[in-house]
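With this note's numbering as the guide, the letters of the sequence shown map in order to residues 1 to 63.
Please keep in mind that the hints were generated in silico from the structure rather than gathered at the bench.
Capping the alpha-carbon separation at 25 Å, the derived lysine-lysine pairs in PhoX-like fashion look like this:
| no. | residue 1 | residue 2 |
| --- | --- | --- |
| 1 | K30 | K14 |
| 2 | K30 | K60 |
| 3 | K40 | K30 |
FRET-style restraints, in silico, Cβ to Cβ:
| no. | residue 1 | residue 2 | range |
| --- | --- | --- | --- |
| 4 | S4 | W26 | 29 to 37 Å |
| 5 | E44 | F15 | 31 to 39 Å |
| 6 | E23 | A51 | 14 to 22 Å |
| 7 | E44 | H16 | 31 to 39 Å |
Idealized CB from N, CA, C, for every residue including glycine.
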Amino acid sequence: LVESHGHIAFFYPKFHCELNFIEQCWGYAKMHYRMLPLTKNEAEMEKNVIASLDKVDINKIRS
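Just need the whole structure built from these sequences, with the hints factored in.
Here it is as structure tokens:
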């Protein structure tokens, strides 16, 4: 059904970290977060989390 409409279906193992793109994005964001200095309060932590997620390159998400 999918291919008859001109699309390609890829079936990856559900929890395979090297093949699941969201795991790659989370991993990159966590790596960036760990390189930041320790936070002193929740507001600073939230700011750092958002900054780390924003660092994930759109090309990394699309690849």
